[in-house]
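*Asks:* Using the sequences provided together with the hints, build the complete structure.
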Amino acid sequence: LCALSYKLSGMTAYDAICHAFSTVSIGGFSTHDENFGFFYNSSTKWVAVIFMIISGINFALHYVAWNKKRILHYFYDSEVKAYLTILFCTFSLTLLTLAVYGQQTIGISLIEESAFQVVSIATTTGFLSSNYSNWPLFVPILLLSTAFIGACAGSTGGGIKVIRTLILAKQSAAEITRLIHPNAVVSIKTNKKPVNTRVTESIWSFFSIYVMVFLILVMFLLAQGNDFITSFSAVGATLNNLGPGLGEVSTNYQSLSNYSKGSLCVAMLLGRLEIF
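Heads up, the sequence shown is in the working numbering, so the first residue is 1 and it goes up one at a time.
In case anyone wonders, no lab produced these hints; they're calculated from the structure.
Please note that a few of the clues may not be correct.
Capping the alpha-carbon separation at 20 angstroms, the derived lysine to any residue pairs in SDA-like fashion look like this [what the hints assert, rightly or not]:
1) Lys7 - Tyr40
2) Lys192 - Asp77
3) Lys81 - Ile53
4) Lys192 - Ile54
5) Lys192 - Ala174
6) Lys193 - Leu61
7) Lys170 - Lys193
8) Lys189 - Leu215
9) Lys189 - Leu61
10) Lys192 - Ser25
11) Lys7 - Ile54
12) Lys170 - Pro182
13) Lys170 - Asn183
14) Lys7 - Glu34
15) Lys170 - Asp77
16) Lys7 - Ile50
17) Lys170 - Thr156
18) Lys192 - Ala169
19) Lys68 - Asn191
20) Lys189 - Thr200
It should be emphasised that the depicted structure is a prediction, and the values quoted were computed from it without experimental measurement.
*Replies:* As structure tokens, then:
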């Protein structure tokens, strides 16, 4: 379906098939050096946006929605609602920042470019239609931050995953509530069901190890003489299986030393295996 949509949008059959594989797998590879910047047709980018969003959702949920023939089933899921909220808020902030500080006029072109890059980076796909690292610094850092969250569990996306982030946020809010009201009984719920304490402990353990691995790899890259932006974004991009970073790695990783590349290979493997 993705390949057919790409073909109808103006791609050649070869490009459509290759980009469909790359989109649904959230791989980010392209048959052209310019990546998605090669395609000037707006409909092609919107097809990519739609299928990147779909691919970032739990595939088990796709099966249930398809089996029950209920598209509204997606909006009953806490993770999907959080996932779409993150995408919308990031898109709104990106569009507003580019309009105010990037001195660009809000129009169809800017909306299209913002939506494409936000969805591509936030879902950890890594398609590029332009060099987003040249945008006002707030935007690249914002997009990279959303890549740390990543897509939904059970999807082809990378990152910490939306459900883990959601439970961490609810756990933090619950702890604050207990500090204010010591006698309160606060339970953490997703999809209106209580979350087992063992699950929250496992998520906090994962998050702790994730942060430690991230810091160790960043320090290793800094020790190789790379600047902070390059080191931070390179580790973030590889550990979250995103691809493009900032600084020296905004286009490719050619300028890094072999030792730096070796450590990033480890980061990619750990990220794809989700560390545990």
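*Asks:* Look at each hint and say if it fits the structure.
*Replies:* Against the structure, the hints:
| no. | hint | in the structure |
| --- | --- | --- |
| 1 | Lys7 - Tyr40 | holds (14 angstroms) |
| 2 | Lys192 - Asp77 | holds (9 angstroms) |
| 3 | Lys81 - Ile53 | holds (12 angstroms) |
| 4 | Lys192 - Ile54 | violated (23 angstroms) |
| 5 | Lys192 - Ala174 | holds (16 angstroms) |
| 6 | Lys193 - Leu61 | holds (17 angstroms) |
| 7 | Lys170 - Lys193 | holds (13 angstroms) |
| 8 | Lys189 - Leu215 | violated (31 angstroms) |
| 9 | Lys189 - Leu61 | holds (18 angstroms) |
| 10 | Lys192 - Ser25 | violated (30 angstroms) |
| 11 | Lys7 - Ile54 | holds (18 angstroms) |
| 12 | Lys170 - Pro182 | holds (17 angstroms) |
| 13 | Lys170 - Asn183 | holds (18 angstroms) |
| 14 | Lys7 - Glu34 | holds (19 angstroms) |
| 15 | Lys170 - Asp77 | holds (15 angstroms) |
| 16 | Lys7 - Ile50 | holds (15 angstroms) |
| 17 | Lys170 - Thr156 | violated (25 angstroms) |
| 18 | Lys192 - Ala169 | holds (16 angstroms) |
| 19 | Lys68 - Asn191 | holds (18 angstroms) |
| 20 | Lys189 - Thr200 | holds (11 angstroms) |
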